[in-house]
Amino acid sequence: MTVAAALVALVIIAGAVLAPWIAPHDPFDPASLSLLDASNPPAWLAGGDWSFPLGTDNQGRDILSAILYGSRLSLMVGFSAVLLALLLGVTLGLFAGWRGGLADTIIMRIADVKLSFPAILIALLIDGVARGVLPRDAQSEIAPYVLIAAIALSFWVQYARTVRASTLVERGKEYIQAARVIGVHPAKIVLGHLLPNVIGPVLVIATINLALAILTEATLSFLGVGLPPTQPSLGTLIRNGNDYLFSGDWWISIFPGVVLAALILSVNLLGDWLRDAFNPKLR
Amino acid sequence: MIAFLVQRLYQAVLVMLTVGLIAFALFNYVGDPINSMVGQDTSLADRGRLRQELGLNDSFIIQFARFVGRGARGEFGLSYQQARPVGQIILEKMPATLELSFVAATLALVIGVPMGIYTGLHRRSWLSQLLLGLSLIGVSLPTFLIGILLILVFAVVLGWLPSFGRGSVVQFGWWSSGLVTLDGWRAIILPAVTLALFQMTLIMRLVRAEMIEVLRTDYIKFARARGLTNRAVNFGHALKNTLVPVITIAGLQLGSIIAFAIITETVFQWPGMGLMFIQAVTFADIPVMAAYLVLVGFFFVTINLVVDLLYHFIDPRLRVDRERVGIG
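Heads up: the protein sequence lines correspond to chains C and P, in order. When you line the first sequence up against our numbering, it's residues 1 to 283, in that order. When you line the second sequence up against our numbering, it's residues 1001 to 1328, in that order.
Hints should not be assumed to be uniformly reliable.
Computed from the model, here is a short list of chain C residues facing chain P with C-beta under 10 Å [to be verified]:
id : residue
1  : D112
2  : A178
3  : V181
4  : I182
Just a sample of chain C residues kept apart from chain P, beta carbon distances all over 10 Å, derived [stated by the list, open to error]:
id : residue
5  : A179
6  : G200
7  : A218
8  : A277
These stretches of chain P come out as covered by chain C in the derived footprint (C-beta under 8 Å, 3 or more residues) [what the hints assert, rightly or not]:
id : segment
9  : 1015-1026
10 : 1131-1143
11 : 1151-1164
12 : 1216-1228
13 : 1256-1262
14 : 1289-1297
Honestly, the hints are just simulated from the structure, not real lab data. Note that CB positions come from ideal geometry on N, CA and C, so glycine has one too.
Just chain C, same shape as in the assembly (with noise of 0.2 Å):
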């Protein structure tokens, strides 16, 4: 079961990766679509065409080569917020472990409030707050990196808190004493001891986050604050082809929400697999 999600991942990573040479077509390149190739069912269909193995959208765009550069997109979206989320979780938690006092109950006070607040009201109110902030013409633009910085912000708590228990067990521990009487640096202490020592749970919270984080991205985009649609993820491609359902042109949305779908259960089952793995009760 965890062989076939595995492998079903790294199908759709691969195919995503190597997008830009494996895509039958560009489908972001307006001078190579044309209008009569729109709306082209899935090439085993009547009126399909296997140079638009899955169909065409509404501009003549195919849809397998907007899957890859789309499940592109939704993947390094993902990966890198839950790697944004990782740091800040992990440096807050740090900190507030080690310093314990004020700053400590500063971090986790925001980290209890934030925590009351599901993750994707959050991520939708900072996508808001950055409309209203930045011009209207750079949107485009830097759509990416403000999903990215949303998707982050609302999942940084979970790292923080776990990384700050464990700081605080394994700051009372010997070796740690040990280096502080030596007069070892304070942040060599938590760099070089600390931080490996702590660092394993996190990981098995950060495969497991991915599989969220993709989520979020594609539900965000969905609901039209993610990514625009002159770069769609998954989630706007979704959305794009949501308009054409009653039409009758069920394939515009359904492969990627197909492919969706099977990404993020591979990679929930990866992540269940790695949290039992590392879990000693279970050996």
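Based on these hints, arrange chain P on the given structure of chain C.
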């Protein structure tokens, strides 16, 4: 007990003030309220005068105090997009969202709990394995995708249920209810199922885990040793103890329902607060965003407060770790 209550209240007020601060900062400093409210031809002198009249030249503290005062009375200014009082817009949309959330929550509980009990009691049966597999899919599929699939199957292909809107609604004072008409019920089914699915799978897994945990305890073994029937043991003893943490968790999940309602309302064009919020975000309609933030913050804080008190009241031992069950 009183000390605990006071401390929690104090924390709640602190959180509300923080939320209010963020909303206020949004309101005043993102974009220029004056620019968004007047036309292009308004002279600088007029703008200056408007600024003075609206009190935008006063200090931060005074403006914030005014914002809190007004907010407590439900006045959040005018929407940039619709030029109507935000409070009025919210009152119009609230019944739709509340009804949807209520139906979805009920659905999630009514289906999730029995499924959880079954999979907890009969762990090896094929039905349990099937339900668990389905629950994994339920957690992995994005809510909007489920919504789209449901629309595709039931509205487009089969044509049984409407794919958008609320159906016919009846006005009771300021509350507009879709639950009293057949049309309204037909319209609410698909969105409610979509919204409930995530909660349902979560509740099912939770009930199952708790059930398994409880069935391992000593007092259950003792009850069996005494010769109580399976039914008495499972439902009379185990179930009661399982449900307590589950109910409190389900209460916390109400917050999640609000968040997912945003998505569901967008997919089904359900005219509720979630759709209103999305439209506000797309148009950078700051007053609406700020008001929604405060309202939702208030809602969350209240729920968290009530749930925490319930924990403490019912059983001080039951400190369910929020991270373990994956809330937030």
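Verification of the hints:
Because the closest C-beta pair between C:D112 and chain P is about 8 Å apart, less than 10 Å, the hint holds. The criterion of a C-beta within 10 Å of any C-beta in chain P is not met by C:A178, whose closest approach is roughly 31 Å, and the hint is violated. The beta carbon of C:V181 is not positioned within 10 Å of any beta carbon in chain P (closest approach about 34 Å), and the interface hint is therefore violated. Restraint check, C:I182 versus chain P: the minimum CB separation of about 35 Å is more than 10 Å; hint violated.
Distance check on C:A179: its Cβ is at least 29 Å (rounded) from any Cβ of chain P, clearing the 10 Å threshold; non-interface status holds. Here C:G200 stays apart from chain P, with its beta-carbon at least about 16 Å from theirs, past the 10 Å limit. Listed as a non-interface residue, C:A218 fails to keep its Cβ farther than 10 Å from every Cβ of chain P; the least gap is roughly 5 Å. Non-interface status of C:A277 relative to chain P is upheld: no Cβ of that chain comes within 10 Å, the nearest being about 18 Å off.
Chain C is given as covering the segment 1015-1026 of chain P, and this holds because 4 residues of the stretch bring a CB closer than 8 Å to a CB of that chain, at least three being needed. With 7 residues having a Cβ less than 8 Å from any Cβ of chain C, the segment 1131-1143 of chain P passes the three-residue criterion, so the hint holds. Residues of the segment 1151-1164 of chain P lying with their CB closer than 8 Å to a CB of chain C number 4, which satisfies the three-residue condition for coverage. Counting residues of the segment 1216-1228 of chain P whose CB falls under 8 Å from any CB of chain C gives 0; the rule of at least 3 is not met.
With 5 residues having a beta carbon nearer than 8 Å to a beta carbon of chain C, the segment 1256-1262 of chain P meets the requirement of three or more and the stated coverage holds. Against chain C, the segment 1289-1297 of chain P contributes 4 residues with a C-beta closer than 8 Å to a partner C-beta. That satisfies the three-residue criterion, and the hint holds.
The structure fails hints 2, 3, 4, 7 and 12 (numbered hints given earlier, in ascending order).
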